[in-house]
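Engineer: Chains as they are written, first to last, in numbering that gives the first Met the number 0: chain A, 0 to 184; chain B, 0 to 184.
If you are wondering where the hints come from, they were derived from the structure by calculation, not from laboratory data. Remember, it's a predicted structure, so these values are computed and weren't measured experimentally. Positions of the beta carbon are idealized from the N, C-alpha and C atoms, including for glycine. Misleading hints may appear alongside valid ones.
Derived list of chain B stretches under chain A, where covered just means 3 residues or more per stretch with a C-beta under 8 angstroms from a C-beta of chain A [claimed, not checked]: (1) 134-147; (2) 152-158; (3) 162-169.
2 protein chains.
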Amino acid sequence: MLDDMARAVPETHQDILAAAARRFAVTGYKGTSLQDIAREVGCSKATVLYHFANKEALLGELMAPAIGVLQALDERIAGHTGPAAQRVAAEGFVDLAVRFRREIALLRGEFPDLLQQPAFAHIQQISERLLAAFAGHSDRPAARIAALVVLAGIPEACAEFADLPDEELRPALLAVAHRALDPTN
Amino acid sequence: MLDDMARAVPETHQDILAAAARRFAVTGYKGTSLQDIAREVGCSKATVLYHFANKEALLGELMAPAIGVLQALDERIAGHTGPAAQRVAAEGFVDLAVRFRREIALLRGEFPDLLQQPAFAHIQQISERLLAAFAGHSDRPAARIAALVVLAGIPEACAEFADLPDEELRPALLAVAHRALDPTN
DNA sequence: GATCCGTCTGACCGATCGGTCAGGTGCTGA
DNA sequence: TCAGCACCTGACCGATCGGTCAGACGGATC
Numbered sequence: 000m001l002d003d004m005a006r007a008v009p010e011t012h013q014d015i016l017a018a019a020a021r022r023f024a025v026t027g028y029k030g031t032s033l034q035d036i037a038r039e040v041g042c043s044k045a046t047v048l049y050h051f052a053n054k055e056a057l058l059g060e061l062m063a064p065a066i067g068v069l070q071a072l073d074e075r076i077a078g079h080t081g082p083a084a085q086r087v088a089a090e091g092f093v094d095l096a097v098r099f100r101r102e103i104a105l106l107r108g109e110f111p112d113l114l115q116q117p118a119f120a121h122i123q124q125i126s127e128r129l130l131a132a133f134a135g136h137s138d139r140p141a142a143r144i145a146a147l148v149v150l151a152g153i154p155e156a157c158a159e160f161a162d163l164p165d166e167e168l169r170p171a172l173l174a175v176a177h178r179a180l181d182p183t184n
Numbered sequence: 000m001l002d003d004m005a006r007a008v009p010e011t012h013q014d015i016l017a018a019a020a021r022r023f024a025v026t027g028y029k030g031t032s033l034q035d036i037a038r039e040v041g042c043s044k045a046t047v048l049y050h051f052a053n054k055e056a057l058l059g060e061l062m063a064p065a066i067g068v069l070q071a072l073d074e075r076i077a078g079h080t081g082p083a084a085q086r087v088a089a090e091g092f093v094d095l096a097v098r099f100r101r102e103i104a105l106l107r108g109e110f111p112d113l114l115q116q117p118a119f120a121h122i123q124q125i126s127e128r129l130l131a132a133f134a135g136h137s138d139r140p141a142a143r144i145a146a147l148v149v150l151a152g153i154p155e156a157c158a159e160f161a162d163l164p165d166e167e168l169r170p171a172l173l174a175v176a177h178r179a180l181d182p183t184n
């Protein structure tokens, strides 16, 4: 089977990735040293840096799937305006947040710093477009404030309720999002 | 005048406090070194540590007023249950968040780490009681999820809309909080 | 003038960080 | 048998961190 071949190559690579995800989720990105990750894997720090160019590349590979879905959502929202965009954005964002709540949890509180880095610069633009969509493309402060409460609150709730099953978390988040955004106008 | 006497003593102390607040707001607590603060003040790092026992003490003095108000709110909420507690908590929390949005901004994304420290341990308990009050003391996941979205979203919105006048920010936040929490049951 | 004290500083400390590098090890294919 | 290669490692690097310490400076007190 090609399964054997495909699995033979990564192994340690995947172990490191998994260990990094575990540590990042507990102590955050900045708060986790390459030593910590190496200790969790049971290898040397040099081995971690053999498999990944640097610490940021490790984070990048860990976040790649989530970022891909986020970009897809951004493009899908671009095709709508006003209330339609608001609905698409809310549903898509809740889906994304629930699905990738592990990845969200490990970036808890480090978004502000990481978004400054050029590697994640475009994510800031996406989140601004998400915010505009949540606000129904309104410039009214009240609409933008409600949008930001939802935009910031949902990921946090996802990270906190990590063990709740998707089927329970998703509709509850969608409901609170619609409630918070709907009568804004 | 006693103004001269009163001002003669602190001066540099206050300068350091103000500079630290400015730097923390931009680069966060962990991301700001004592060197950074000293450079902003125009003094040496040793001077910063002459006026404050250590970096944590600096943060403590910066946050003391906000923490005091938070504790007062906690005690006020304890006197109510159910919907009444929900209303008191929402109004009190919005007031607090708007009033201390500077302090909130400089802790952006560092709450998870800081709450682990023993010096801020009781704040975690307070936020749990706030969460329960927001949820109307219900154990239903949907209620707790909505409560967490509000609890996490409001501070973030406050930090982001730092330049919006209180009279505009406060009612908008209160409205979205009530909307998000009210029909939860 | 001597003494004291609040303020401030440069030099220094040990620890830890992300990252580099030369070299060891064991498998593989010629 | 041996060269080549993927994988892994200990030792090391420069930078930076929070924090310490002995002493310099200047104004008040006696």
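Engineer: Decide, hint by hint, whether the structure agrees.
Structural biologist: Here's how the hints hold up against the structure:
Only when three residues or more bring their CB closer than 8 angstroms to a CB of chain A does the claim for the stretch 134-147 of chain B stand; here the count is 6, and the claim holds. For the stretch 152-158 of chain B, the assignment as covered by chain A holds, since 4 residues bring a beta-carbon within under 8 angstroms of that chain's beta-carbons and 3 suffice. Under the rule that three or more residues need a Cβ within less than 8 angstroms of chain A, the assignment of the stretch 162-169 of chain B holds, with 3 such residues.
Violated hints are absent here; each numbered hint is respected by the structure.
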